[in-house]
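Asker: Now for the letters of each chain:
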Amino acid sequence: MTPLIELTSDPIDYHALTEQVRSNAAGAVVLFLGTVREMTAGRRTVALDYDAYPEMAIRQMQGLAEETRQKWPIEKVGIVHRLGHLELGDIIVAVAVSSPHRAEAFEAGRSLIDRLKEVVPIWKKENWDDGRTEWVHPGVPSALPPNAAGETHSR
Amino acid sequence: MKVSVRLFARARDLADCEQVTLELPDDATVGSLRSQLADRFPSLAVVVPALLVAVNSEYVTDGTSLTPDSEVACFPPVSGG
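Sequences listed follow chains H and D, in order.
So the first sequence is numbered by my numbering: it starts at 1 and just counts up by one.
So the second sequence is numbered by my numbering: it starts at 156 and just counts up by one.
Because the hints were derived from the structure by calculation, they are not lab data.
Any given hint could turn out to be false.
[Unchecked claim] Below 25 Å or equal to it, Euclidean Cα-Cα: the simulated SDA-like pairs (lysine to any residue) are:
1) H:K117 - H:P54
2) H:K117 - D:T216
3) H:K117 - D:R161
4) H:K117 - D:S212
Whole structure, please, built from the sequences with the hints as guidance.
Answerer: Pasting the structure below:
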């Protein structure tokens, strides 16, 4: 089977993605959507910008699909990640997986999104409600001055 | 040898360019590339220790040898999803 792996600047059609992983061999289909959340640690997000190293991101997502297939009896996998400017509530990523039984579909779906967040070269830039922006790099201290954090949630 | 390095996210903003070219010894490793990146671009020094390095779209460690045709990319930890 060929996994459906895609980066797109258009809204994600998660219904179409879900249909693409459906199969008569599967008794379970799990769909995960990651969406733009308003509040993070007391700070208010107005939008997120996503950028990627596209060639490597595709290759790493294909690798994750393969890794998942080796661990669980998966029928089909689809991963679509959106790039560009996203507003509150927009869908950032969709992961769909089908398998004969539900336990492995849930486990494989969980693993796919967890691993994507670790290894796929995609980055988000926060657009905070005070007008500042910053790239998010887990484990790397914020580039914003320390007194900026928290000043927006005193109300 | 000359090696081109693509930069992304905060590394790109700090260096103020998408790609830099480094002149490295023929036996250079990813570790030597990392040191030279910090020397040549002081603005990048704050993120250099945290940079992930990829050659031909696969992650590599500091001990990995480079060749002139290596497609190198450096970027701080990822935050997709």
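Asker: Against the structure shown, which of the earlier numbered hints fail to hold, in ascending order?
Answerer: Those not satisfied: there are none.
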